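J.: Sequence:
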Amino acid sequence: MKIVLIHGYKASSQTNFFPWLTEELRKQGHEVVCPDLPNPESPDPEEWTKYLVESVGVIDDETIIVGHSIGGATALRFLEAAEACSTPKSCILISTPWMIKSDQFRGFFLSELDFDVLMWKASRFAVVHSKEDTVIPFDHAQKYAEVLHAKLIETEGNGHFQGEQYPILLETIENCIKEEIVFEPGQGIENDYEDVE
Numbered sequence: 001m002k003i004v005l006i007h008g009y010k011a012s013s014q015t016n017f018f019p020w021l022t023e024e025l026r027k028q029g030h031e032v033v034c035p036d037l038p039n040p041e042s043p044d045p046e047e048w049t050k051y052l053v054e055s056v057g058v059i060d061d062e063t064i065i066v067g068h069s070i071g072g073a074t075a076l077r078f079l080e081a082a083e084a085c086s087t088p089k090s091c092i093l094i095s096t097p098w099m100i101k102s103d104q105f106r107g108f109f110l111s112e113l114d115f116d117v118l119m120w121k122a123s124r125f126a127v128v129h130s131k132e133d134t135v136i137p138f139d140h141a142q143k144y145a146e147v148l149h150a151k152l153i154e155t156e157g158n159g160h161f162q163g164e165q166y167p168i169l170l171e172t173i174e175n176c177i178k179e180e181i182v183f184e185p186g187q188g189i190e191n192d193y194e195d196v197e
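For what it's worth, the working numbering labels the leading residue of the sequence shown as 1, then goes sequentially.
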């Protein structure tokens, strides 16, 4: 499985839980891609998306995308922009803000994402959020869960997930890996042209 980890504001592949999570996933034999996105102190959504597309390459049904905080918003933009040869298995959003309009981050939300299309860009979505996150309120997670038809995983005592280890994150990824996808987008649509030569 290829697992793409996307950090957030003022972060990198070596901050928060990313080193621990990368190591744990690699121990299980997974390929982990955790790029250090450019200018994390002053993130630009187009620059970050372009960098991810170039760093990650083609995604497919053996790909899971995980984004933390503003990296979650970037994960959704990446899903829209990436070249996919099949539908990625899962997209997991951790403490991700919903449509915030602050001057610093408004570029990530100026053009609204088309959630009717986006929800088909991954076979499954999961949203992980701590009830007492003081950086991004819990209702942001509820909005994402609603529009993406995502599994909402409520936690307590984890704040904004800026510590070094969170077993719930590893468990969520492991559950996504194990979960069998029994329905592909379009699979249930009848083929009216089946008998046409």
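Derived by calculation from the structure, the hints in this document are not laboratory data. Here the structure is a predicted model, which means the values were calculated and not measured. Keep in mind that the hints are not guaranteed to be accurate.
Stated by the list, open to error - Estimated spans, in silico, between C-beta atoms of each pair:
| no. | residue 1 | residue 2 | range |
| --- | --- | --- | --- |
| 1 | E174 | D60 | 29 to 37 angstroms |
| 2 | R106 | P167 | 29 to 37 angstroms |
| 3 | E62 | E23 | 34 to 42 angstroms |
| 4 | E46 | L170 | 25 to 33 angstroms |
| 5 | A81 | S42 | 29 to 37 angstroms |
| 6 | E62 | D114 | 20 to 28 angstroms |
| 7 | K27 | I100 | 33 to 41 angstroms |
| 8 | C85 | E156 | 34 to 42 angstroms |
| 9 | S12 | G159 | 13 to 21 angstroms |
| 10 | D114 | G157 | 33 to 41 angstroms |
| 11 | T15 | P167 | 17 to 25 angstroms |
| 12 | S42 | E179 | 32 to 40 angstroms |
For glycine and all other residues, C-beta sits at the position ideal for the given N, C-alpha and C.
J.: Out of the numbered hints, which ones does the structure contradict?
T.: 1, 3, 5
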